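Dock chain G against chain H, hints included.
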Amino acid sequence: MSATSNKSTFELPLTGEATETTSGLEHAQSLSLPLLYENIRWFCRLRWWVMGGLVFYGGLGFFGSWLARSGLQRPGLWPWIIAVILLLANLAHIRHALVRTMSRARLNLWSQIVLDLLILTAVVHFVGSCSTHIAFAYLFHIVLACVFLPRRQSLIVALLAAGLYVVCIILEASGILSEASIWADTDATVLPITTASLVAQVGSAIGIWGILWYLVSHLSAMVRARDAELADTNHRLKAALQERARHMLHTTHALKSPFAAIYSNAQLLLEGAYGALPTDAQEVIQRIGKRCRGLSREIQEMLQLANLQSIGQETSVLPETIQLTELLDLTIDRASTIALERKVILETKQRPAVTWAISDHVSMLLENILSNAVFYSRPGMTVWVTCGLDPKGTPVVTIRDEGIGIDPQKLPHIFDDYYRAKEAALHYSDSSGLGLAIVRHVASLNHIRVQVESQPGIGTQFTLYFPLHKPAHQSEPA
Amino acid sequence: MAYILIIDDDLDFALSVANALHAQGHESQVETDFEQAIGRMEKHCPDLVILDVMFPENKCGGFELARAMRHHHERFKNVPILMLTGMNTQFPMGFSSRDIDKNWLPVTSYVEKPIDLNVLRQKVEILLEQARV
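First to last, the protein sequences are chains H and G. The numbers in our numbering rise by one with no breaks, and the one at position 316 of the first sequence is 316. The numbers in our numbering rise by one with no breaks, and the one at position 100 of the second sequence is 578.
For reference, chain H alone in the conformation it holds in the complex:
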């Protein structure tokens, strides 16, 4: 905002401008930190297997005659030396990864990559750079680099591998390094080496690596871009859900507040705060007040139901361990206002019971059933609330009233959206018909079994069986 004397100017920023710049490629280039740490751990475990292989091969040296019969020569000390170097290097890598993970600092992967490639080049030399296909072991590193690193860095790894292999071949061809092989009779396995055949062999190997690098890095970049896109969509969805919840909160407030003002003013008029009113006027104002209260409750229920219907298995609202007695006390406290107004007595008998559910959902469920019990009772009647464990140890809550009851034929429909039995509407006209629909959704989302027993003119009992443990398919929140 700019201001000159009293004049102010403000330009509305375009939405999404700030977020667009950070999306896409930057995230698509590399793995997220937790995923990177997980893969480093996996790679360190893999090194133990390589060490095992080297030790096994070194151990074969003790069976010289068997090796000779197989056409292999004694490996000597090199597998043991390389295994020890790999052991020390792996321990150092693990320590480095642990320290950096704990301090949330950047990991230095390059020391590991270079050291692994150097060790591999030594293995290639001793196994036989030209007499075996061991050189293709570099592919393993190149493919992993394509998966874990951005494209440019994976190219560096591929070039480094090719460079080390070429250096190894040149050193062997120039006689600086004596040629080595696992084969006892190298003449039988090695083709006559000329400069042209050597160049062709090395060139074809490096060519294949190059093509593979191109294909894998391209595919990895596509997969990573897709991952980033999905993560971005997920982030937007979560933000939209939060925004909707905020919007609902404000809508409820904005819609309920005017009705609260109308209701309280209507009550003042009825009380004669501004002079006595004729009986007809009193009746009209009574109706206004009653409808205001009903509408206010209906708004709240409609918003709650809409939210429950769209929430599905949304993960931002997580189940938790709930002391049912605590929630019941609060529900009874809340219902006591209506009970007081309607002259209904609330009786309760509770024993400790614990369940696994979404606390706000259970509150909604209990409040709807308890307020119904009060609304459909007559003045002077009692509503009983009990809580405890059944013989199987399942947490059970019962809410029983002596109210108007429900016709057996209508019982299966009471949980339908907007369903209202004729007798119920006559007894209490302000209900929205959504209270038990909310109960149905909450019960389904939280695995609560609801049983209703009723007899017209005698009363109704709701028995709620709560889950003792969290369902097997629900994981612990991270």
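If you are wondering where the hints come from, they were derived from the structure by calculation, not from laboratory data. Heads up, some of the hints might be wrong.
In silico contact screen, one side only, chain H against chain G (beta carbon under 7 angstroms); selected entries [as the list claims (entries may be wrong)]:
no., residue
1, 257
2, 261
3, 296
Not close to chain G: a few residues of chain H, all C-beta gaps over 12 angstroms, as computed [unchecked claim]:
no., residue
4, 44
5, 55
6, 106
7, 107
8, 114
9, 141
10, 159
11, 162
12, 263
13, 350
14, 352
15, 451
16, 452
Using 25 angstroms as the maximum straight-line C-alpha spacing, the simulated PhoX-like pairs for lysine-lysine come out as follows [what the hints assert, rightly or not]:
no., chain 1, residue 1, chain 2, residue 2
17, G, 580, G, 555
18, H, 238, G, 537
19, H, 343, G, 601
20, G, 555, G, 601
21, H, 290, G, 601
22, G, 521, G, 555
23, H, 422, H, 343
24, H, 290, H, 238
25, H, 349, H, 410
Values in this document were obtained by computation on a predicted structure and should not be read as measured data. Where is the CB? At the ideal position from N, CA and C, for every residue including glycine.
Only chain G this time, still in chain H's reference frame:
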């Protein structure tokens, strides 16, 4: 007779509560701006505050005022606060009397609009009585 300050941006509702309390023999005043409320309390310390939650420029204005009274103004530290709001007491993002907490929601009691004026009067009497004790 007690002096009750009603802090609510809904003037219609606040005036009806003021009238209802006046009929009960209490003196009451209405303040629609929560930011001015402390100044008004300094002039005349209330025996009870009836406080809304959401205000036009601050959706948590009621919370902030309650915290300011409890933590930054020694004089109003023990003044009972009855939170009275149309905000949904339940999911989503709701809160209720179980969320009353000396740091997060330092109020004495909580009721939801719309409220029966007789029930409101009863609540007011209970809180005033508790404060006297």
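Right, here's what the structure says about each hint:
no.: 1; hint: 257; result: holds (4 angstroms)
no.: 2; hint: 261; result: holds (4 angstroms)
no.: 3; hint: 296; result: holds (5 angstroms)
no.: 4; hint: 44; result: holds (44 angstroms)
no.: 5; hint: 55; result: holds (60 angstroms)
no.: 6; hint: 106; result: holds (37 angstroms)
no.: 7; hint: 107; result: holds (39 angstroms)
no.: 8; hint: 114; result: holds (52 angstroms)
no.: 9; hint: 141; result: holds (51 angstroms)
no.: 10; hint: 159; result: holds (54 angstroms)
no.: 11; hint: 162; result: holds (58 angstroms)
no.: 12; hint: 263; result: violated (4 angstroms)
no.: 13; hint: 350; result: holds (16 angstroms)
no.: 14; hint: 352; result: holds (17 angstroms)
no.: 15; hint: 451; result: holds (24 angstroms)
no.: 16; hint: 452; result: holds (22 angstroms)
no.: 17; hint: G:580 / G:555; result: holds (11 angstroms)
no.: 18; hint: H:238 / G:537; result: holds (22 angstroms)
no.: 19; hint: H:343 / G:601; result: holds (17 angstroms)
no.: 20; hint: G:555 / G:601; result: holds (20 angstroms)
no.: 21; hint: H:290 / G:601; result: holds (21 angstroms)
no.: 22; hint: G:521 / G:555; result: holds (16 angstroms)
no.: 23; hint: H:422 / H:343; result: holds (23 angstroms)
no.: 24; hint: H:290 / H:238; result: violated (39 angstroms)
no.: 25; hint: H:349 / H:410; result: violated (30 angstroms)
Hint violations for this structure: numbers 12, 24 and 25, all remaining hints satisfied.
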